[in-house]
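Number of protein chains: 2
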Amino acid sequence: MKKKVLKFGGTSVGSIQRILHAAKIIKKEHDNGAKIIVVVSAMAGTTNNLIEHSKSISKKFNKRDLDVLLTSGEQVTSALISGALNDLGVKAKTWMNWQIPIITEGDHTNSRIINMSVDKINNYLSEGGVAVIPGFQGISKSGEITSIGRGGSDATAVAIAKIFQTESCEIYTDVDGVHSSDPNKIPLAKKIDKISYEEMLELSSLGAKVMQSSAVQAAMMNDIPIHVKSTFTNRKGTEIISEDNIDYRKAVTGVAYSKDDAKITLLGVADKPGVAADVFEPLSKNQINVDMVIQNISADGKKTDLTFTTKRQDSKNAVSLIESNKKIEYEKTHINDKVSKVSIVGAGMVTTPGITFKMFRSLAEEKINILAISTSEIKISVIIDENLTIDAVKKLHKTFNLD
Amino acid sequence: MKKKVLKFGGTSVGSIQRILHAAKIIKKEHDNGAKIIVVVSAMAGTTNNLIEHSKSISKKFNKRDLDVLLTSGEQVTSALISGALNDLGVKAKTWMNWQIPIITEGDHTNSRIINMSVDKINNYLSEGGVAVIPGFQGISKSGEITSIGRGGSDATAVAIAKIFQTESCEIYTDVDGVHSSDPNKIPLAKKIDKISYEEMLELSSLGAKVMQSSAVQAAMMNDIPIHVKSTFTNRKGTEIISEDNIDYRKAVTGVAYSKDDAKITLLGVADKPGVAADVFEPLSKNQINVDMVIQNISADGKKTDLTFTTKRQDSKNAVSLIESNKKIEYEKTHINDKVSKVSIVGAGMVTTPGITFKMFRSLAEEKINILAISTSEIKISVIIDENLTIDAVKKLHKTFNLD
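Chains as they are written, first to last, in our numbering: chain A, 25 to 427; chain B, 25 to 427.
Certain hints may be false.
Copies of the same chain look alike in the list, so a pair counts if it works inside one copy or between any two.
[Claimed, not checked] Computed list of lysine-lysine pairs in BS3-like fashion (alpha-carbon distance at most 30 Å, straight line): (1) Lys79 with Lys209; (2) Lys87 with Lys48; (3) Lys233 with Lys83; (4) Lys391 with Lys87; (5) Lys418 with Lys335; (6) Lys115 with Lys52; (7) Lys422 with Lys27; (8) Lys144 with Lys165; (9) Lys283 with Lys351; (10) Lys52 with Lys83.
Calculated from the structure, these hints are not laboratory results.
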């Protein structure tokens with residue numbers, strides 16, 4: 025009999041009606057003979073409300089208490105789902121993380137699942153029961169309540185799929201799969217049937233909210249096939265699988281964009297070893313993530329320009345950290361907060377020549393100026409004027425035949 | 025250094041502002057040098073909301089899942105109180121019941137605390153820390169989440185006071201103590217400074233909502249002094265203590281009433297052994313509590329009338345159970361749903377002659393007809409017309425010099 029993980033995200037359990045609906049989906053799979061482990065998120069809105077509460081109490085609410093606070097959300101959903109299943113005549117039981125236990129390591133609010141006991145749950149599955157487990161949380165070796173970061177229920181689902189060696193891991197969400205671009209903004213965006221872990225990672229890190237990156241990464245490392253599908257339709261969703269199992273006819277799989285970037289340029293930086301390190305060290309120490317970095321070769325061997333992007337909210341802080349660091353020699357700084365990042369992603373890109381040229385020409389045709397460029401094996405990203413984002417995405421979507 | 029339990033009820037932690045206020049009360053006690061264990065209820069409204077959720081999912085939501093669901097409420101408050109204390113610079117830590125552990129026995133939603141480990145918390149108190157514990161819950165010997173019934177946070181507080189041998193157990197609530205009658209309805213009701221466990225039990229069972237009965241009972245059995253006080257004023261509250269420590273100047277301590285009673289009379293019941301058992305057995309089997317029972321001696325030795333009271337919501341069900349029991353011989357049944365129970369309570373009553381007479385004469389002066397009477401060592405209750413309740417309470421309040 026196949027073992028399955030079914031994970032339901034916050035919007036999929038966001039109301040009593042939706043919980044009842046999710047329970048019916050679980051019952052159907054159970055009636056079809058699968059052994060099921062259900063992983064649930066907190067009801068949509070709950071986690072944000074609890075975070076608001078904590079912020080109202082303290083701007084620096086301590087992380088240990090925050091974990092105790094936030095993990096209550098999934099406890100509620102687990103109990104409601106289990107209750108709904110029992111009401112439908114399906115034998116079901118909730119297991120809190122400390123009851124299993126699910127062991128984590130790492131800091132509060134940012135732990136990783138490292139181990140899990142399987143016997144109790146496997147016995148229960150053998151007896152025909154459905155196990156319902158709150159996602160996003162665990163306990164540390166010393167018995168403290170821990171959480172594994174926002175969106176961590178996906179990571180719980182993948183960890184359970186791995187440890188219980190389930191046949192599949194199904195992520196129920198509020199969209200019917202991964203799309204070639206944001207379907208809310210690009211009406212011609214199409215659902216992708218199959219996508220590789222790597223492409224999914226690039227799309228996630230670029231703002232596709234379908235699945236949490238670290239969970240995709242864990243699935244990739246353990247070759248666990250993921251099936252992302254909508255809780256609200258019966259349509260086939262997107263399979264996230266190994267590149268080897270995908271027949272690439274198109275070089276480009278999707279177009280993604282993010283609109284909360286800022287571009288910072290240091291003009292006239294001394295061109296000598298260690299400068300980049302001096303610039304980025306204080307940013308790293310202050311948890312400011314640097315995304316793209318571009319440094320031109322200096323014409324005279326003495327001075328160069330250094331450009332990088334950060335999240336918009338961090339840009340002012342980044343510049344003041346740099347300006348207060350007397351070690352760095354430069355002429356002046358320049359911030360452009362009105363930029364966005366547009367990327368094309370595709371595992372087939374590496375074997376298809378001319379993709380970069382095609383992308384740049386296509387943007388040029390729309391008179392879109394490229395402010396910075398960064399490339400990887402399966403992704404090309406450009407920084408452009410924020411106001412031109414949707415135009416650029418639409419154009420690229422058409423250029424690469426994704427419509 | 026004295027050890028104290030401070031328990032905060034639902035309204036005392038019903039908003040972020042109130043949680044911050046409760047944290048300040050705790051800090052003050054901590055700064056005064058007490059070793060403090062805090063017990064918290066769920067934020068006012070939370071438990072009812074969760075119960076509504078469960079009812080929307082299933083009319084017979086299973087009790088195991090209900091315990092998992094409801095206990096999340098106190099987890100939230102514990103985390104917020106601990107976070108607020110840490111923000112005020114007070115070393116504080118939440119301990120979930122499974123982390124301590126607090127062991128219970130009995131059924132889901134209706135368990136009793138039977139044991140608790142003290143070492144971890146005592147060590148923490150010795151280090152100057154404040155331990156914050158969710159009330160109302162525990163874990164069974166087999167590691168299941170259990171709850172100890174509505175209002176169970178009081179029981180948790182008393183159990184902790186007992187097991188940790190604390191000097192006092194302070195119950196912070198939204199009223200400033202126990203009153204001689206309901207202060208919302210009887211403006212002349214006065215706060216009682218000291219009351220015996222027995223009197224408090226009678227008042228609680230008669231509808232005074234200040235403290236949960238089983239918690240008072242546990243305090244009585246272990247002679248733990250309780251101090252009920254308001255979270256919102258600095259006034260001295262009510263001490264609930266052993267009768268031996270109270271100087272009774274007044275025979276009557278308080279007047280209580282309940283308005284959700286119904287009086288059921290079976291007219292012309294055969295006056296033979298076993299009739300009462302036949303009447304009450306099916307009620308007991310159907311969880312219908314019978315409060316007062318009055319049976320007159322029959323005039324002719326053959327037929328008598330049997331009167332009893334139940335909660336109003338149970339009255340129709342009670343009568344239909346009786347009517348469907350062919351074993352019972354009677355002429356007809358009569359329900360009066362428009363009655364209330366008014367009681368005077370006082371440990372001094374037993375040593376003061378004439379209290380009963382004084383009560384009846386006083387009601388007669390107000391032309392209030394007594395429909396049934398029941399007495400105990402420290403209480404006299406009468407059933408009267410519902411519309412006359414407040415008149416009766418006011419009159420008795422005055423008669424026994426409680427104004």
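Hint check:
no.	hint	verdict
1	Lys79 with Lys209	neither (32 Å within a copy, 39 Å between copies)
2	Lys87 with Lys48	between (36 Å within a copy, 21 Å between copies)
3	Lys233 with Lys83	within (27 Å within a copy, 36 Å between copies)
4	Lys391 with Lys87	neither (48 Å within a copy, 65 Å between copies)
5	Lys418 with Lys335	within (24 Å within a copy, 69 Å between copies)
6	Lys115 with Lys52	within (13 Å within a copy, 50 Å between copies)
7	Lys422 with Lys27	neither (41 Å within a copy, 73 Å between copies)
8	Lys144 with Lys165	both (19 Å within a copy, 16 Å between copies)
9	Lys283 with Lys351	neither (32 Å within a copy, 80 Å between copies)
10	Lys52 with Lys83	between (45 Å within a copy, 22 Å between copies)
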